[in-house]
Every structure is written in structure tokens, then in C-alpha cells.
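In terms of my numbering, the sequence shown opens at residue 1 and continues consecutively.
Everything labelled a hint here was simulated from the structure, so no lab data went into it. Backbone N, C-alpha and C define an ideal beta-carbon position, used for all residues, glycine too. Be aware that a few hints might be false.
Unchecked claim - In silico DSS-like links for lysine-lysine, alpha-carbon gap of 30 Å or less:
(1) LYS199 to LYS153
(2) LYS484 to LYS153
(3) LYS296 to LYS69
(4) LYS69 to LYS192
(5) LYS143 to LYS447
(6) LYS381 to LYS296
(7) LYS153 to LYS117
(8) LYS289 to LYS192
(9) LYS289 to LYS69
As the list claims (entries may be wrong) - Computed spacing ranges between beta-carbons, pair by pair:
(10) ASN184 to ALA18: 41 to 47 Å
(11) PHE11 to ALA74: 47 to 53 Å
(12) ASP376 to GLU402: 39 to 45 Å
(13) ALA74 to THR378: 35 to 41 Å
(14) ARG42 to VAL370: 29 to 35 Å
(15) ARG42 to SER317: 35 to 41 Å
(16) PHE11 to GLU303: 52 to 58 Å
(17) ASN81 to VAL370: 24 to 30 Å
(18) LYS447 to ASN184: 42 to 48 Å
(19) ASP302 to ALA18: 45 to 51 Å
(20) GLY412 to ASN184: 51 to 57 Å
(21) PRO244 to SER317: 22 to 28 Å
(22) ALA58 to PRO244: 52 to 58 Å
(23) PRO246 to GLY59: 54 to 60 Å
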Amino acid sequence: MNKTIRRASVFALLLVLALLVRATWVQFYEGQALADDKDNRRNAIETYAEPLGNIIVAGESITGSARTKGGDLAYKRTYENGPLYAAVTGYASQAYAPTQLEGIYQDLLNGTDSRLKTVMDTVTNKRADPGNVVTTIDPAVQKAAYEALGDKKGGAVAIDPRTGRILAAVSTPSYDPTSLTDANTAGGAWKKLTSDPDKPLTNRALRQPLPPGSTFKLVVAAAALEDGLYASVDERTDSPDPYPLPGTSRNLTNENPNAPCENASIRVGLQYSCNNVFAKMAVDLGEDKVRAMAEKFGFNDDEQDVPVRAYTSVYPSDMYPSETALTGIGQFDVTATPLQMAMVSAALANGGELVSPHMVSQITDSGGDVLRDYGDETETKRIVSSSTAEQLQSAMQTVVDEGTGSNAQIPGATVGGKTGTAQHGENNSKTPYAWFTSYAKSDSTGKEVAVAVMVEQSDAARSEVSGNGLAAPVAKAAMEAALKR
1 MNKTIRRASV FALLLVLALL VRATWVQFYE GQALADDKDN RRNAIETYAE
51 PLGNIIVAGE SITGSARTKG GDLAYKRTYE NGPLYAAVTG YASQAYAPTQ
101 LEGIYQDLLN GTDSRLKTVM DTVTNKRADP GNVVTTIDPA VQKAAYEALG
151 DKKGGAVAID PRTGRILAAV STPSYDPTSL TDANTAGGAW KKLTSDPDKP
201 LTNRALRQPL PPGSTFKLVV AAAALEDGLY ASVDERTDSP DPYPLPGTSR
251 NLTNENPNAP CENASIRVGL QYSCNNVFAK MAVDLGEDKV RAMAEKFGFN
301 DDEQDVPVRA YTSVYPSDMY PSETALTGIG QFDVTATPLQ MAMVSAALAN
351 GGELVSPHMV SQITDSGGDV LRDYGDETET KRIVSSSTAE QLQSAMQTVV
401 DEGTGSNAQI PGATVGGKTG TAQHGENNSK TPYAWFTSYA KSDSTGKEVA
451 VAVMVEQSDA ARSEVSGNGL AAPVAKAAME AALKR
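Make the full structure from the sequences, and use the hints.
Right, here's the structure in full:
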């Protein structure tokens, strides 16, 4: 064999070996990554080759699957009362990545979760029958909060304080997830939804942290009682009115100039929502103690999963005393979601213990056998002493019975709450946010519920924007529905 042929043969052999090595690498090392690639059309074809599993509310499916007409995707997702439950379900789309419960339990709902496989499925390599997600949502509470919010832009969360079960998670304006399920029409719907200035895809119940205003005064009051700064909610405080913000020439005043806020007790301070009382209290405690209490309630937790991950509610750090004062009234850089403020009321209503909130009770296989029971996994944390909780419950009842939260009164129930109106925009130039956080206990059945409502925007005149006027009626509707369960 001459030299040229021999070299060509060796070169050809090296090329063959390189191809074999590359093929082996792709098949055994990159194969799974390619299979999981979001642009791999085969994944969508497989996902929608059969009906998906369902999301369950009170024993009824609020999702379904429908046969498509033509194309390589055999089925598409459907929703019952889609706008009502959108903040819970999210969407499963042929064109876009799934969100909310649809995204978290994607593998369970499409049958690829390994826990669903039977021995025969393993032998035949057949996709298992899909499983189902059983939620804690109460349809009556969900509907009551949704209808009460109406055309307002806002969010609401209702929690059973004793179990941590989320009974409602509502966000308005909402959208119909069905509009995003079909790949042929999803693009137009997506463009319309994402260009809407009201941002209907935003989950305002769980993922829209905003300044909580005076509802945060409950956290400051809890810190003061736990620290021993004040022995009871009826002890008079050291609170000049108006309160000079430390290091500034600015005086902090109260919304009602005739309210008895000078040196008012915590009870009276909550009843009339006295800014001077809680701004001074935050400064006297210091930012570290206020932050520590806020974090016990759940602020600054960037892994708050219910199981949808909620946006972090924030209590800031490294502040000037004047800024600490403003955090005492839920302003400056304090932010919270309705979920977070519902957790505050839930912990106080439950004797100072917070049961971890969750909106999924179980996941099951297609036959209903439980794969995981989340009720068995709840954690209970002591946030404040039972004495502090009882005192703040009493003070919150005064707010509803005799103070700024009168619109939340429910016959036959003990109701406690706290209103909030948070400034919005530079120099409060935009419409304020209206808040209400509360709890209710049935006098006859003993049933309990904690609810927080945030109204980001409404058609009400600026002078009519208040926690009692806009948010408390929504909370009342949700609480009434919950107590009738």
C-alpha cells in the first residue's frame, strides 16, 4: 500500500471514530438535555397526546381537556370558571410554559411523574395515567371574594388559622386561562394580556408586594408587647402628636386631627390608626427588633411556597431613625402581599401560632390513591405569646366594633381587623392603596378565618379611598362565606 493511500485510510478511520464518539456522547450524555429542551416539539406532542390530569376544588374538577381539530397536538387544556380560579391554577398552554399549580405539578398532570408508574408502565415504557391536584380552596369563599372585588384592581387571601389551609386566593382583574391553551390562538391572547395596562396576568394575591400601610402597625404592636416596651394594649404610650421625625424638620400627623392620639394606648392607637403612636414605637424599639418580629411573621422570606412561590414581603435594613419611623406605619420600603398580611392575622387569631399556609391538600394518582398529603406536613411556629395574641385580638375587635374597621362587622361573629391606606407615588401623588387584614370567629360554630385584602386601584374618588371603605367589605364577604362552611 502506498503512502498516500495509507494516510487517507488512517484519516478516514479517525473520522469514523470521531463520528462514533460524537454519536455516543449525544445519545448517552446529551440525550436527556435534548429531550427536555423547551424547543423540542416532541415534548409538546407527548404532553398533549392524552388528556391531562385535573385540579380539584371541593371534589369537582375546575380543569379539563378537549380534543383538538387537526394538528399534531391531540388535546388542549380547558378551564371551568377560568377567571375565578386563574390565581390558583395558572395556565397550561401548548405555546407557553405553564404557571402556578399547572407549572408546579406539570409532571404529575401530564403523567411523567415517576410516582405514577405501575410495573406494567415500566415494562412497556408507556406514559402513566396522569394524577390530580386536590386544592384547599373553598369555592364559596373564592367566589365571594372575587365578586366583592368586582372591577377593582386588587387581591385577597383567606386562610383557616387552625390548619393553614388557603380557602381563597383571588386576583383582579383576572383573565381566562382557556384563551392561552391553544397554540393556534394563544399568540393573540398573549399579546392582548401582556399589553393590558391593568396587568391581568399578575397574581396580586401572592405575587404583588405593595406598601401595607397601617395594617403593619399590628407587627409593630406585637414587637412592643413581646419586647416589654409596653405591658399591655391599654397602657398609655409616650407618643407626642404630631410626632417630629428624628433628624428632620418634618412632623408626622394623623389622618384624623381630632383623634385622641397623643400618648394613646396601643388599643386606641389601632382604633384610630394613630401614625404618631406606631412611628414613635418603631423608633423606640429600633429597626432590628421590628425586623425580627416582621421576619417571624414571614417577611424577608424568599422561599415562601404555598406551593406557588409568593413574592418576598420586605422589611428593610440600614435605615435612618426617620425611615424606621415611617416603617412603623407600613411606609418607606416596607412591602407585603395579601398572603403575608393574612398570615399576620392568622397567627394572632390562632393564639400566636402560625400554621404554614398551603393551597394544596393532596396529590393523587388517577385512581384517587394519595401520593402525598400536605396536611400531614404543615409546620406550626410560635410567633408571639398567647397573651400578646389575645391582647391584639381584643384591640383588633375594638377597631371593628368602635374604630376604623366598622364595615367588617358580621352579626353572630367576633371580628377583629386593621385598616390601612398606603401612600402611592412621589409625595403621595397617585391613588393610595387600600388594605384590610382581619379575622372572624363564629359565635355559634367556632369556625375561624383570617382574610387580607388589598385594593390597588378602583373607580372611587381619591377622598373615598380607605381600607374601611374599599377593602373591609371584600374581607367581610369572604369571612361570611368562610363561616358558613
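The hints, checked one at a time:
| no. | hint | in the structure |
| --- | --- | --- |
| 1 | LYS199 to LYS153 | holds, 9 Å |
| 2 | LYS484 to LYS153 | holds, 27 Å |
| 3 | LYS296 to LYS69 | violated, 53 Å |
| 4 | LYS69 to LYS192 | holds, 24 Å |
| 5 | LYS143 to LYS447 | holds, 19 Å |
| 6 | LYS381 to LYS296 | holds, 9 Å |
| 7 | LYS153 to LYS117 | violated, 43 Å |
| 8 | LYS289 to LYS192 | violated, 46 Å |
| 9 | LYS289 to LYS69 | violated, 61 Å |
| 10 | ASN184 to ALA18: 41 to 47 Å | holds, 43 Å |
| 11 | PHE11 to ALA74: 47 to 53 Å | holds, 49 Å |
| 12 | ASP376 to GLU402: 39 to 45 Å | holds, 42 Å |
| 13 | ALA74 to THR378: 35 to 41 Å | holds, 39 Å |
| 14 | ARG42 to VAL370: 29 to 35 Å | holds, 32 Å |
| 15 | ARG42 to SER317: 35 to 41 Å | violated, 49 Å |
| 16 | PHE11 to GLU303: 52 to 58 Å | holds, 56 Å |
| 17 | ASN81 to VAL370: 24 to 30 Å | holds, 26 Å |
| 18 | LYS447 to ASN184: 42 to 48 Å | holds, 47 Å |
| 19 | ASP302 to ALA18: 45 to 51 Å | holds, 47 Å |
| 20 | GLY412 to ASN184: 51 to 57 Å | holds, 52 Å |
| 21 | PRO244 to SER317: 22 to 28 Å | holds, 24 Å |
| 22 | ALA58 to PRO244: 52 to 58 Å | holds, 54 Å |
| 23 | PRO246 to GLY59: 54 to 60 Å | holds, 57 Å |
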